[in-house]
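Between the sequences and the hints, there should be enough to build the whole structure, so can you do that?
Number of protein chains: 2
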Amino acid sequence: MRLSSAFQPMLKEVPAEAQIASHRLMLRAGLIRQTSSGIYAWLPAGLRVLRNIERIVREEQNAIGAQEVLMPTLQSADLWRRSGRYDAYGPEMLRIKDRHEREMLYGPTNEEMITDLFGQAIKSYRELPQVLYHIQWKFRDELRPRFGVMRGREFLMKDAYSFDVTYEGAVASYRRMMLAYLRTFQRLGVRAVPMVADTGPIGGNLSHEFLVLAPTGESGVFYDAALEEQDWLAQDVDIADTASLEAFFNRVTGSYAATDEMHDEKAWSEVPEDRRREGRGIEVGHIFYFGTKYTEAMGISVSGSDSAPLFPQMGSYGIGVSRLVGAIIEASHDEAGLIWPDEVAPYRAAILNLKVGDAASDAICERLYAAAPDAFLYDDRSDRAGVKFNDADLLGHPWQMIVGPRGAKEGMVELKRRATGERLELSVEDALSRVLGG
Amino acid sequence: MRLSSAFQPMLKEVPAEAQIASHRLMLRAGLIRQTSSGIYAWLPAGLRVLRNIERIVREEQNAIGAQEVLMPTLQSADLWRRSGRYDAYGPEMLRIKDRHEREMLYGPTNEEMITDLFGQAIKSYRELPQVLYHIQWKFRDELRPRFGVMRGREFLMKDAYSFDVTYEGAVASYRRMMLAYLRTFQRLGVRAVPMVADTGPIGGNLSHEFLVLAPTGESGVFYDAALEEQDWLAQDVDIADTASLEAFFNRVTGSYAATDEMHDEKAWSEVPEDRRREGRGIEVGHIFYFGTKYTEAMGISVSGSDSAPLFPQMGSYGIGVSRLVGAIIEASHDEAGLIWPDEVAPYRAAILNLKVGDAASDAICERLYAAAPDAFLYDDRSDRAGVKFNDADLLGHPWQMIVGPRGAKEGMVELKRRATGERLELSVEDALSRVLGG
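Chains as they are written, first to last, in this note's numbering: chain A, 8 to 445; chain B, 8 to 445.
No wet-lab data here; the hints were simulated from the structure.
As the structure is a computational prediction, the values presented were derived from the model and not from experiment.
Certain hints may be false.
One copy or two, either will do: identical chains are not told apart, so a pair holds if it fits within one copy or between any two.
[Unchecked claim] With a straight-line Cα cutoff of 30 angstroms, these simulated DSS-like cross-link-like pairs (lysine-lysine) come out: (1) K130 <-> K19; (2) K362 <-> K130; (3) K145 <-> K104; (4) K362 <-> K416; (5) K362 <-> K423; (6) K130 <-> K300; (7) K19 <-> K423; (8) K362 <-> K19; (9) K300 <-> K145.
Here's what the structure looks like:
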């Protein structure tokens with residue numbers, strides 16, 4: 008994309024209500040604009056980030072055999088009456104009446120609907136397990152929406168639901184999902200540590216929140232450094248094998264990790280001092296086993312091996328996709344602006360033409376740009392170099408390819424890595440292979 | 008995907024309210040399920056079709072320089088009061104009150120919101136033209152939703168909006184979009200003929216509907232056969248050149264085409280008799296120039312070349328993405344089931360293992376499947392061959408790779424083209440290269 012024609016309105020000043028870095032930077036860099044309280048439009052660069060996150064989430068869901076569906080945003084109240092949640096849910100649920108005065112709602116989550124769809128489709132235990140997910144906009148009518156996309160009202164979420172015959176099957180589904188989550192967050196370029204969460208009346212240890220470590224996080228976190236040293240992508244886990252899944256699960260849960268709510272001083276004191284990490288975290292995911300809560304309440308059964316009706320064991324698994332954009336920024340920015348991890352960046356590199364109109368500079372920039380127009384944001388504006396440096400740092404693409412008249416005459420490009428500030432003088436070919444190759 | 012574990016519930020009997028072929032077939036094949044009146048969940052195979060359509064629409068929008076954004080589903084009533092449409096819009100608009108009793112609505116379209124976003128971002132005529140689009144769920148509270156996704160209440164639409172300095176600029180934007188639409192529909196495997204539509208008080212000839220030809224269409228259509236003989240993808244139109252765009256536009260509009268509403272018997276009589284085509288059509292797109300209607304009403308201007316405020320000239324351009332799934336099926340099916348065009352099919356081929364458990368058959372099927380697991384639906388169920396033949400025809404993938412014990416022993420696959428019924432005996436390699444290569 009050429010910046011001169013891109014719809015990327017950058018702001019010098021941001022509204023006072025933007026209290027945290029991610030909110031300020033998303034507005035300044037032209038990623039989002041608020042359209043109503045807690046509701047945002049995603050401008051092209053912001054949408055590219057959102058789509059990159061979606062893609063990675065989707066690939067890792069598919070890798071564990073989850074199947075993607077798409078449920079609608081609006082649901083009928085009657086469906087929620089079947090589980091008893093319609094009356095129980097608070098004012099965060101947006102309740103709607105259609106032209107025929109039928110009661111509806113904007114879905115804040117989809118347990119009821121997926122259980123109903125499952126029940127219509129699946130009749131025998133032989134067809135289990137099933138794991139279904141979708142990535143869809145949800146609405147929660149927060150009393151005081153704030154922090155931009157971190158606590159918005161209309162937000163994008165990936166929610167998955169598993170259906171198993173037995174408790175053991177549900178545990179395996181849960182563990183596969185934990186693996187998918189750890190791999191997803193690692194690919195997104197953030198550290199998200201799984202922490203035991205409250206399981207309510209269900210009990211057991213099958214509820215984990217995933218928190219991205221960032222100073223502005225809403226929860227205090229305590230964890231063993233072992234958890235941030237693991238390379239989940241490199242670990243060879245056989246997801247079809249129960250023992251392999253168990254070994255993996257034990258590796259994760261064997262290290263201490265808890266939010267302040269669940270913190271246990273005694274267990275914490277047993278972690279070697281040099282491995283204790285304290286900080287703050289932003290919740291970006293939650294996985295939860297809840298057994299037959301919905302299948303029983305809604306009367307959804309399949310025929311078991313003895314032909315008797317059997318209520319499938321369920322779990323649900325959420326990732327806050329739009330929230331993650333904010334969380335990644337909270338974890339990765341500096342005074343000058345955004346610092347995108349490679350896999351989520353809107354573009355892989357910015358091309359900075361320091362002197363538009365200089366024949367050699369223009370020629371080099373056009374050569375660079377032509378190599379991958381969809382991967383580069385080409386700053387072809389006739390602004391001063393200083394403006395371009397500042398904007399490139401603000402927009403935070405992983406690489407900057409800086410072209411000035413002096414270097415251009417020699418066919419050289421200055422390559423800057425945004426995260427480290429490291430700079431290299433390279434030929435056009437070497438710069439391209441460095442940026443596009445890795 | 009292996010059919011034995013796919014979430015693809017096929018139905019023998021369909022609800023009586025499914026009156027048209029696309030609705031019946033989408034239910035029978037397990038593409039969608041209704042969750043409330045006029046609201047549908049998309050099951051995995053249906054979602055794959057929807058995503059394929061989205062991808063093609065997106066690629067052709069990007070190809071003419073349109074930039075993708077994503078606006079939220081909910082909008083504030085105040086925004087619509089600025090254009091005067093809040094009170095004018097009928098009961099199809101779903102009106103909502105949030106917990107603070109603020110008036111909101113589920114967007115049926117986005118002229119107001121995009122004009123507002125444009126006005127916040129673009130300050131000078133130098134930054135024009137701009138063409139912005141999004142692909143987002145909309146809601147229209149139809150009095151009597153019917154025909155499945157053809158007239159649903161929650162539906163997926165691509166809507167684009169152009170902003171130009173002058174009328175001539177707006178005409179060029181309009182013509183580029185017409186080209187993008189013709190190419191989009193051709194790639195989708197359907198013929199969509201552009202027909203002059205009513206421009207209301209604006210006048211002129213800059214309003215066209217695109218109708219897919221199908222016997223169940225809601226409108227009668229009359230058109231010159233020349234319009235279905237054109238290969239829009241092969242035509243060399245320079246979208247940066249006004250004269251080239253004009254020549255293209257004249258080629259399109261030089262041939263007669265009208266719906267019954269706009270039909271002109273006199274002009275029709277001038278079309279050579281052997282070139283007259285009459286039939287019915289389903290509206291899947293609409294492009295419309297409306298000048299400064301919204302920019303003036305909402306007070307959105309940019310500074311012109313003389314520094315005086317200038318109200319940009321706008322057009323809007325819609326494609327019914329979810330409706331297209333139904334329209335494509337109406338245009339392409341037979342008694343036995345769906346017949347997917349290559350580019351939109353959920354899978355490129357079905358693999359039919361006629362005797363699961365036969366070592367040679369299993370081995371050949373696994374070899375085929377391993378070649379492209381994401382492109383094939385492998386029927387590995389232990390059902391009879393007859394069931395598999397029927398289901399494969401119902402699901403309508405472009406190719407069927409049929410493997411029985413006799414052929415398998417010789418390493419041969421029977422390849423069937425769904426659309427024509429044509430059959431070929433081929434080796435595994437030849438079958439794969441035929442199916443994956445073209």
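Going down the list of hints, with the structure as the test:
1. K130 <-> K19: between (59 angstroms within a copy, 15 angstroms between copies)
2. K362 <-> K130: This pair counts as between: shortest inter-copy Cα distance 24 angstroms, intra-copy 68 angstroms.
3. K145 <-> K104: both (18 angstroms within a copy, 16 angstroms between copies)
4. K362 <-> K416: This pair counts as within: shortest intra-copy Cα distance 12 angstroms, inter-copy 69 angstroms.
5. K362 <-> K423: Within. Shortest intra-copy distance 18 angstroms satisfies the 30 angstroms Cα cut-off; inter-copy 60 angstroms does not.
6. K130 <-> K300: within (19 angstroms within a copy, 55 angstroms between copies)
7. K19 <-> K423: Classified as within; 24 angstroms inside a copy, 62 angstroms across copies.
8. K362 <-> K19: within (23 angstroms within a copy, 68 angstroms between copies)
9. K300 <-> K145: within (22 angstroms within a copy, 33 angstroms between copies)
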